[in-house]
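Line order of the protein sequences matches chains X and G.
The numbering of the first sequence is our numbering, which starts it at 1 and goes up by one.
The numbering of the second sequence is our numbering, which starts it at 349 and goes up by one.
The hints are simulated quantities; they were obtained by calculation from the structure and are not laboratory data.
Idealized CB from N, CA, C, for every residue including glycine.
Keep in mind that a hint or two might mislead.
[Unchecked claim] Residues on chain X that point at chain G, a partial pick, calculated with CB under 10 Å:
| no. | residue |
| --- | --- |
| 1 | Arg167 |
| 2 | Leu171 |
| 3 | Tyr175 |
| 4 | Gly285 |
| 5 | Gly296 |
| 6 | Gly326 |
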Amino acid sequence: MATQPAAADTAPPPAVERFAGDEGPRPAAGIGPYRLAARRLGRNRVALAFGALFLVIVALCLCAPLYARHVAHTGPNDNHVTDTVLVGGEVRDVVSPQGIPTGPTWHGRFLLGADANGRDIAVRLLYGGRNSLEVGFVATALTMVLAALIGLLAGYFRGPLDGVLARVLDLIWAYPAVLLGVALGTALALGGLNLGLFKLSGNSLLVPAVIIGVVYVPYVAKPIRGQVLGLREKEFVDAARTQGMRSAQIMSAELLPNVASTLIVFLPLIVANAILLEAGLSYLGAGVQDPNPSWGTMISDGIRLIPSAIHLTLVPGVMLVAAVLGINVFGDGVRDALDPRAQVRLEH
Amino acid sequence: MVRFVARRLISMALVLFAISILTFLIVQAIPNGDPAQRLAGRTSTPETVAAIRRTWGFDKPIYVQYAITMKKVFTGTVISYHQQVNVLGEIRRDLPATLSLSIGAGILWLAAGVGFGLFSAITAGRFTDRALTALSLVGVSTPVFLVGAVMLYLLAFKLGIFPNGGYVPLTQDPIQWLYHLLLPWTALSVLFVGIYSRVLRSNVLDTINEDFVRTARAKGLAERRVLVHHVLRNSMVPIVSLWGLDFAAVIGGGAILTESVFNLQGVGQYAAQSIGALDVPPVLVVTMFGAFFVVMLSAVVDVLYAALDPRIRLSG
Chain X
1 MATQPAAADT
11 APPPAVERFA
21 GDEGPRPAAG
31 IGPYRLAARR
41 LGRNRVALAF
51 GALFLVIVAL
61 CLCAPLYARH
71 VAHTGPNDNH
81 VTDTVLVGGE
91 VRDVVSPQGI
101 PTGPTWHGRF
111 LLGADANGRD
121 IAVRLLYGGR
131 NSLEVGFVAT
141 ALTMVLAALI
151 GLLAGYFRGP
161 LDGVLARVLD
171 LIWAYPAVLL
181 GVALGTALAL
191 GGLNLGLFKL
201 SGNSLLVPAV
211 IIGVVYVPYV
221 AKPIRGQVLG
231 LREKEFVDAA
241 RTQGMRSAQI
251 MSAELLPNVA
261 STLIVFLPLI
271 VANAILLEAG
281 LSYLGAGVQD
291 PNPSWGTMIS
301 DGIRLIPSAI
311 HLTLVPGVML
321 VAAVLGINVF
331 GDGVRDALDP
341 RAQVRLEH
Chain G
349 MVRFVARRLI
359 SMALVLFAIS
369 ILTFLIVQAI
379 PNGDPAQRLA
389 GRTSTPETVA
399 AIRRTWGFDK
409 PIYVQYAITM
419 KKVFTGTVIS
429 YHQQVNVLGE
439 IRRDLPATLS
449 LSIGAGILWL
459 AAGVGFGLFS
469 AITAGRFTDR
479 ALTALSLVGV
489 STPVFLVGAV
499 MLYLLAFKLG
509 IFPNGGYVPL
519 TQDPIQWLYH
529 LLLPWTALSV
539 LFVGIYSRVL
549 RSNVLDTINE
559 DFVRTARAKG
569 LAERRVLVHH
579 VLRNSMVPIV
589 SLWGLDFAAV
599 IGGGAILTES
609 VFNLQGVGQY
619 AAQSIGALDV
629 PPVLVVTMFG
639 AFFVVMLSAV
649 VDVLYAALDP
659 RIRLSG
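Based on the provided sequences and hints, a complete structural model is requested.
Encoded structure:
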């Protein structure tokens, strides 16, 4: 396998693995770096538990339509301002004449209460989660693809192309991220984007996803470029070149597998930050657009009514923090499993 | 050294130039934004609109408009479309609030991050370390406006200990200034304390195994002295660079969420309001102002980095 020579860079030799207090003897050779990392991750119960928490939240959000149809009997944008609901045996307005929405009923309808428009919070929470997670995932995918591409091209070809790409990264990086997001978000939310073949309507989820995806590119592309700069001088790249492989092949078949572990370490980190940035943009009115819910828009709607109905802020807030915390702790575990220096830390 | 600074300055100017063009294009591309119509007001005749268009140069090609606007920015005469006041004057008015917020929070998160990180590293593996690690993970997973909103609800609205947002200038009443800023400082710091304590913890644990630390212990130095003079000093290098970049990012727009939650009339609030009103000149100036801080402080950080760690040489 052509990627073998650099494998030692991405994972510690098996001897270190035994040193870390591994039980039982194991053949010193023949375990790939990813198998090794997976095994180490498998022993990290905390990371796995939090990863599971994140997966449960994702699964719950995917089931949003089922919950809406069969339990809550209402949609995410359905208005029930003038309706009544049964709370503890007494009939109550969903939204009181003073404009204060009802709190949690702990029943199928309005399980977690209503918002100021008389919409079911639990339903919106699940649908909002779908939007927040979708923005997070799409943005992360975009970041990863762009960063890998830019990092590989800049590091492999160096010279003028590297210079241009480095300036582009500097530009994105120096551009105040939140301001860029708010400016672009507002511009696109009003008019959408029309590039002939490619049309993007203002309230599309792609608008915040693209903005967030671009913002995080430099954070990943710079370390990838640095790694590629070192890797391209290695013998296995020379060998590939003398075998007559083209540049594109060398980048995709030789270099990409060697920077993959860096990409994997960044993946959960970017997902977590993308979800947080989406919330921030939505709070400033430049993210997911009304009436589409997202955890960020729900929190920002709730903050306006915080003295009378704190549950409007807390419900999406807790969900957001739980999801981001889950992926952060899991990502930490992944990093420790893939990062050879993790062993050094455990020694202390 | 001189060469390095010169190259940094040139690349800084280039980045700022590109950012100004990009921002101009983004904000100009916003539809329904005929600035001449807005400057003329609702009860204007077509003639006055046409006259405004001519005198402000809105009928010229877009690159000429850009040049006109940039000339105004550098001569300090740039006027906002919306309220038709001098943009630089507005920024000067709002800057004290943003600087008060960022500098105070910056000091707080550096001190708390280093303190928690060091404590966590010294007690590595024990309960306090685990508790601090868990807390820092929650910190990096919580959006600043949620922290701020919950703080305001509990401490200002329910208990009434703290004021419900707002800003009091330092020159007007230092006590009230401090009192109004304590919550925003804390809210803004939460995220960074989480990051810094984790970075410092792992740096300290890396450094503590180095040979020079063993030497220091072997020659009989007090543990406290070893920790502060040998371990902490070497672990601080990446923290200093991180701090410079984060501080710049906070001044250059990162404080916008905190300002918004706590209703501090700072530059970030001004930017948000201007973007909402589709006002080109203030958005342009504030964005360049933010980018300037980011670019400048990152250059300063590079120089400082080399000064703290002689192993790093300055090169292009």
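| Agreement of hint X:Tyr175 with chain G interface, Cβ distance less than 10 Å | holds (6 Å)
| said: Restraint: X:Gly285 near chain G, CB-CB cut 10 Å. Satisfied or not? | reply: holds (7 Å)
| Going by Cβ atoms only, is X:Leu171 closer than 10 Å to chain G? | Interface hint status for X:Leu171: holds (5 Å vs cutoff 10 Å).
| said: Using the nearest Cβ pair, does X:Gly326 come within less than 10 Å of chain G? | reply: holds (9 Å)
| Should the interface hint for X:Gly296 be scored as holding, given a Cβ-Cβ cut-off of 10 Å against chain G? | holds (8 Å)
| field | Given hint X:Arg167 near chain G, where the shortest CB pair must fall under 10 Å | value | Holds: closest Cβ of chain G sits about 7 Å from X:Arg167, inside 10 Å.
Hint violations for this structure: none, all hints satisfied.
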